[in-house]
Amino acid sequence: MDSEKQTKTKSFRLFGRVIPTNRVIFFILAIFIQLSVIWPLYAVFSAAEPFILGFPLSFAWLISILLFTFATMIFLYITDNRRIEQQASSSDELEEEA
Amino acid sequence: MEPVTIILLVVGGYLLISLLTGIIPGLRVSSSVTGYVAGDRSMNVLILYFVIGASIFSSFAFLGGPGWAYSRGAAAFYIIAYGVTGIIPLYFFGPRAWRLGKKYGYVTQAELLAARFDSKLMSVMLAALSVVVFIPYLTIQMKGAGYVLNVISEGMIPEWTGAGITYGVVLIYVYFSGVMGVGWSNAFQGMFMMVLAWVLGLYLPNALYGGVGPMFEAIMDAGNAAMLQAPGLLADGTPWNWWGFSSAVVVSAIGFSVWPHFFMRSFAAKSEKSLRLSIILYPTFQIFLIPILLIGFAAIMLYPGIEPADSILPYMLMQLELPAVVVGLFCAGTLAASMSSGDAILHSAASVGVRDGIAQMVRNPLKDTTERTLIRILVLVIGLIAYFFAVVVDISLVALLLASYGGVAQIFPVVFAMFYWKRATKAGALSGLIGGMAVNMFFLSYPELKLWPVHEGVYGLAVNVLLLVVVSLLTKPDHPDRVEKFTC
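These protein sequence lines map, in sequence, to chains A and B.
If you're matching positions, the first sequence starts at 1 in our numbering and goes up one per residue.
If you're matching positions, the second sequence starts at 1001 in our numbering and goes up one per residue.
There could be a bad hint or two in this list.
[What the hints assert, rightly or not] Derived DSSO-like pairs: lysine-lysine, alpha-carbon spacing no greater than 27 angstroms straight-line: (1) B:Lys1120 with A:Lys10; (2) A:Lys10 with B:Lys1273; (3) B:Lys1273 with B:Lys1103; (4) B:Lys1120 with B:Lys1422; (5) B:Lys1485 with A:Lys10.
For the record, the hints were derived by calculation from the structure and aren't laboratory data.
Here the structure is a predicted model, which means the values were calculated and not measured.
Could you build all of it, start to finish, from the sequences and the hints given here?
So this is what it looks like as C-alpha cells:
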C-alpha cells in the first residue's frame, strides 16, 4: 500500500516536511519569476529597444513574465487539484480496507 | 442638453447601480458577525475574484498609475512587478486560514495570530496598525473621487461635495450589507473598470499617435529613451537605481498578501477550491494595468509639464473633445476604482478595530449583536475621520501610504511562522513584529542613516526574521496542541 501511495503522489522532503513534486517545480519557477521582475534578470531586459509588437523591450518583458506567471499558477492549480483528489480517493480506500 | 448635465447623469446612474448592487445582497446573509464580516463563508469564485482583484484597482492605480508613467516612465512598471509574485503566498496561506476559520470561527487575520501565539497584545497591536494604515488609505480614495468629480464638472461640484456624495453611497452599503455589499458592488465596479481601462488605453494611443508602437517611437525620437528603460526615473527626473527598484518591489510583494483587508477575504470563500481558483485568476486582473499605464505614456509628448502628475488622466479627458457620455463613463470608472478599494478598507478597518481591538480589551466577551452594532458604528466613525482628513487636512498622504507598505510587510514573517514553523514562540513572534516595525519606522524617519540605498522595509524584515528565529529558539516551545492546530 505504501509503495502504491508513493507512486501516486510524488514528493520531496525538506526540513522534515513533505513537499509534493508539483509544488517544488512551482517554487523553482516562482524564484525565476521573482528574479525576472527585479535585478539581476530584469536588468538584462531593461533596455528600451528593440521594440516588440510596438512595446519597448522593458515593457514587453514584464508583460511576458506576467503571462508566464499566469500559466505557472494554472499549472499549480491543476496539479494540486489532481493531487488532492488522489489523496482523497486513497484515504477512502484505506477506510474501506479498515 | 449641456455636456456637464449628461456627464453628471451618467455618474448619477453609476452611483445608483452601485448602491443597489451593494444593498440587495446584504439582505440574504445572516445578521451575525460572521455574516457581516465574512459573508457566512459563502462567496463564490466570481465575487471573490472581483473582491481580490479590486484591491489593485484603487484610485491610486487609476490616477497614480498614469501619473507615474507620465512623469517617471518605466518606474511605473513597479506597480505591475510587485503583484506578479505578491499574490503567490496567499495561495498557500489562504486555504489554511479558511480551514481554521471554518473550524474555529475566525474571521480576521489578527484573530488567527493571537490564537496561535496566545497573545492579546498581538491582536490589539495589529488592530491598531490596521486602523492607522487604513485611514490614510481611505482618505486617498476619497480625495481621488472628489478631485475627479470636481475637474470633470468644471468646478461645479466642489471636492468636498464630490467626496461626500460618493462615500455617502459607500457608507450606506457597507453599513447595511457588510462584506457581501462590498463583494457584489465590487463585481459590478470591476467589470465596469476593466472595459473602460481597455477602451481608453487602446483608444488614446491610436487617436493621438496612430497606435501603441508609433507612440513609443515618438517618445524615443524625442530623446526620452531613459523613460522607457527600466527602472525608469525618480520623481526628480534622475534615473532610479536597481537597488531602489528591486527592494521596493520585493518589500511590496512580501507585504501584499498579508494586508489585513486582503488576507481576511480568505475567510469569506465558499470553499477551499473556489478560494484557490480566485487567487490563480488574479493575474488576469493585473493585465488591466497595462492599458492604464499606456494612458500615462500617451500624455508624455502631448501635454508636458502638467502638475501634479496624478491629474494627467482627468486633464487629458478634458482636453480631448470626447462625447459627453464617454467622459461621464470614464468619470464613473475612476469613481469605481476609488469605491471598490474604499469600501473594502472601510469594512475591514471597522471589523478589525472592533473584533481584534475593542473586543480584546473589554473583560467580558461581547455578544454577537453588540459586536455587529459596534462594527457598524465604527464604519461610520472611520468614514467620518477619513472624510475629515480628505477635506480639511492637507498633508502628503501618498507618501504616508507608500511608507506603510514597509510596516505591513512586517506581518509576513509571523504569518509564515504561524503556518509553517512549529518552533516559533510567542516571545519570538512578538519581538520580531515589534523589532521589525521599529526598525522600519526608524529608517523611514532617518533615511540618511541607511547603509545601502534599499527600501526601509528590507532592514525591518532582516531584524524581524532574526529576532523571530533567535528569540523563538531561546524560549520554551509553545504548547504542542496549539501549534499542531495551525501547522498541520
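Against the structure, the hints come out as follows:
1. B:Lys1120 with A:Lys10: Since the Cα atoms of Lys1120 (chain B) and Lys10 (chain A) sit roughly 41 angstroms apart, the hinted pair is violated (cutoff 27 angstroms).
2. A:Lys10 with B:Lys1273: It holds: about 21 angstroms lies between the C-alpha atoms, which stays within 27 angstroms.
3. B:Lys1273 with B:Lys1103: The hint holds at about 16 angstroms.
4. B:Lys1120 with B:Lys1422: Holds. Lys1120 (chain B) to Lys1422 (chain B) sits at ~20 angstroms (cutoff 27 angstroms).
5. B:Lys1485 with A:Lys10: holds, 25 angstroms
The structure shown violates just one earlier hint, number 1.
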